[in-house]
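Asker: Following the hints, position chain B against chain A.
Going down the list, the protein sequences come from chains A and B. Per the UniProt record's numbering, the first sequence starts with residue 1, numbered consecutively. Per the UniProt record's numbering, the second sequence starts with residue 1, numbered consecutively.
Warning: the hint list may mix true and false statements.
In silico DMTMM-like links for lysine to aspartate or glutamate, alpha-carbon gap of 25 Å or less [unchecked claim]:
{"#": "1", "chain 1": "A", "residue 1": "K37", "chain 2": "B", "residue 2": "D380"}
{"#": "2", "chain 1": "A", "residue 1": "K119", "chain 2": "B", "residue 2": "D167"}
{"#": "3", "chain 1": "B", "residue 1": "K119", "chain 2": "B", "residue 2": "D431"}
Note that these hints are calculated values from the structure, not bench results. All figures in this text were calculated on a predicted structure; none of them were measured in a lab.
There are 2 protein chains.
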Amino acid sequence: MTLPVETFFLHPEAQGTLQQQIQQMIARGILSGRFQKGEKLPSTRKLAAHLGVSRITVTIAYTELQANDYLVSKGRSGYYVSENAPSPPTFTATPEGTDAVDWHRAIGQKFSGGRSLSKPQDWARFRYPFIYGQADPTLFDHANWRLCALQALGQRDFNALTTDYFDQDDPQLIEFIARHILPRRGITANPDQILITLGAQNALWLTTQVLLTQRRRAVLEDPCYPALRDILSQSRCHVTPVRVDQDGLPPYAIPPDTDVIFTTPSHQCPTNATMPMERRRALLERAQEIEALIVEDDYEFEMSFLKSPSPALKSLDSDGRVIYVGSFSKSLFPGLRLGYLVGSQPFIREARALRASVLRHPPGHIQRTTAYFLSLGHYDALIRRMGAALQERRKAMEAALADNGLQISGRGYFGGSSFWMRAPREINTSDLARRLQARSVLIEPGHAFFAGSHQPSNYFRLAYSSIPSNRIREGVNLIAEEMAVVA
Amino acid sequence: MTLPVETFFLHPEAQGTLQQQIQQMIARGILSGRFQKGEKLPSTRKLAAHLGVSRITVTIAYTELQANDYLVSKGRSGYYVSENAPSPPTFTATPEGTDAVDWHRAIGQKFSGGRSLSKPQDWARFRYPFIYGQADPTLFDHANWRLCALQALGQRDFNALTTDYFDQDDPQLIEFIARHILPRRGITANPDQILITLGAQNALWLTTQVLLTQRRRAVLEDPCYPALRDILSQSRCHVTPVRVDQDGLPPYAIPPDTDVIFTTPSHQCPTNATMPMERRRALLERAQEIEALIVEDDYEFEMSFLKSPSPALKSLDSDGRVIYVGSFSKSLFPGLRLGYLVGSQPFIREARALRASVLRHPPGHIQRTTAYFLSLGHYDALIRRMGAALQERRKAMEAALADNGLQISGRGYFGGSSFWMRAPREINTSDLARRLQARSVLIEPGHAFFAGSHQPSNYFRLAYSSIPSNRIREGVNLIAEEMAVVA
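With the rest of the complex left out, here is chain A:
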């Protein structure tokens, strides 16, 4: 490719003659790696016109650079970056502290330092990836996704692709969610009660901003999804972690001054507990009694391959007290970044205004692609295929874990894609995870899920959403081996 002439310009503060400035500019481009070996330079005529200098000035500069072996001339075809030109350094981290700015003072609010789960970006290279929440290329319906994306790229959808929706969403996606997704959870909602978000993360964040302030109190399940704890701690509200039991969040333990209760009733994260119907009613009653709102994160409800899922907590709510969070990250893929909020209009109105201010709207193309994928029935087929595969893997997991005597602490009544595991008390699962990485096994240590500083260190999550069945036994054997070394 020819280097675009627009990337060339003379620095207004540059010293020396025009010819020298041009030479320096090109040499700097090569040395910094912007112009790479074999790339073609603009013609002398073009560069001269662009810079507003005479053509002969450019020609002399090029000839000089050729003499220095920065450039080679290939006759009429023009000038190229020489193969012998000095190699650029690879990008190195700029040394900090060279700024004149005192960043410690300049930064008004710190956001870094959260306690998120860390997953190696190259997890797919590990032989036994018991990791959670990534798309499995062997299960995802890539071919139909491509077709839907292609359809959404068509002339007819030009508007959906390119338009600035301001605070609105793709009406086709909203309509499909209202008519066909929410009814699966027993929820009836109008389009103006639904807001598309950049994944469940974004939905939880928006909800927190709208409902909580420094003077309000949130109840969090303990253990819970660690990113939610970061969101709440950034909002500076008061947080009460409430320890979950075999049935999920116990309503009686929720303090009376609570404003917002965050819960995962269908599928407690990470213990996989399913809240029984009586407790759901009790939870709604408790919320009513103390005038709290409930945020229901209904992640992974699609993975109910053992038994139909119970309806969402939101379906039992006649008060408008429950705000529902849905996501396509598990059923489609996390890089899609699509989720949704369902709630009463006064709430959705504020969440919508905040979303508009923060990011306007999720990109139109991915909304339309998803609407096609859903409405053509590919989504349902995908869920069935994933369910079948997960069921097989789960069986293999259960057998291998039992044979090795490993203890499952929570397994999910309806299905799901992971087990919550308890190791003997003396095992620190962070160390265990590190040692297992060296043997190409990835597990998720459990401490980040717990609140406070005295977290139990012997829990871990074993997911089976990304590991093929036929590697499960071997992988579990390795885990048992490493655990035996310590114990």
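Answerer: Frame of chain A, contents of chain B only:
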């Protein structure tokens, strides 16, 4: 399509016999519009298995519904929603105030009520759309965008499509911006000094959250991009609007207790003023003197078809004092929702952590598609084509405005895609815009750009990025006509 069996289930609180519950469930589905005329119901066998009831119960329910003309039986092929079934109501806004929740109390922070520009969503149906910032289907290189998207949907890019990048971005896009986009603005940056955002809106929002608090002061240009004013007012920092002149923001008018200065030096929004070199230096000196940071919104620099753009303010900054905001909304399309932040690491680190908490990362697929579109040279070709078309339109605008005696208040030295217009003092341009809409002309009234409550009401913006050349004269004539009626 057959209605997926998953969308059927019995409400746990339902009354009556199982058969009645099934009938009600289906009737409700039809009445609510979830099941539409002609759609096929699951077979009695399937539905029975799904609900855990006997098949005969389902069969009787179906037969009853057939008798009521909700369903029709087509023999062995099964049951369908009858064409004579009652029609669902179209979605109507749920009446507010039926909730048991006191939303006035429950909402901790209000975000609605900002003063944003409103554009009709169906702007493309207007014959003379002098509106700003939407993609022009006659100019955008839709064919190559499709090809790039298709490539990014390929098997090789499965990871870029689906992966959860956590707080990271597509390395290919970052690399291209570092090597080929920023150098056009005279900026050198390492990958760890760049963060991809959901458009410039998101970049400005993240920056505000990191740098400003209730105790800090921001300087805003007056007039300015209205969404920026909303972002700052939501952050509750102190805001000083500084009136711009023909050369943009005057440095001497910036109060000494300012922490952050927001500015659009290349192309003041909305007046189109370009800040001269001496003033840029003076602005940097002023910032240094009072230890303020500068946020440079370099929107629309690509639209410099009259003259090469001057380098960005950031290129003159050796202190690390300038934070640079770029966007692909104008050069590609706004529905893409892609922009970027460039700044020192300590700042980018906090913006990255906040972005991760708010939304994780912009979807991988659109990042990769953009990386291909840029690296294959389509972007440069597009910019050239847009420049040529905008230049032609601008000529037509200038001629038509001059012939009608309309006054251009700011026109942009390097190009751009709009004029900032001043009407005679007695004209209220909001009224003017409303009357012009009735004649299929869209203009943007100017008052939303101004700070405070005593905004001048006689300014408006006339953009030529979405109107074909051959409609410009007619459209401008109509504007002049309507202005004459009032004046």
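Asker: Now look at each hint and say whether the structure bears it out.
Answerer: How the hints compare with the structure:
At most 25 Å may separate the alpha-carbon atoms for a hinted pair to count; K37(A) and D380(B) meet this at roughly 20 Å. Simply put, K119(A) and D167(B) have alpha-carbon atoms about 11 Å apart, close enough for the 25 Å limit, and the pair holds. The hinted pair formed by K119(B) and D431(B) meets the criterion: a straight-line CA distance of about 15 Å does not exceed 25 Å.
Consistency note: the structure conflicts with none of the earlier hints.
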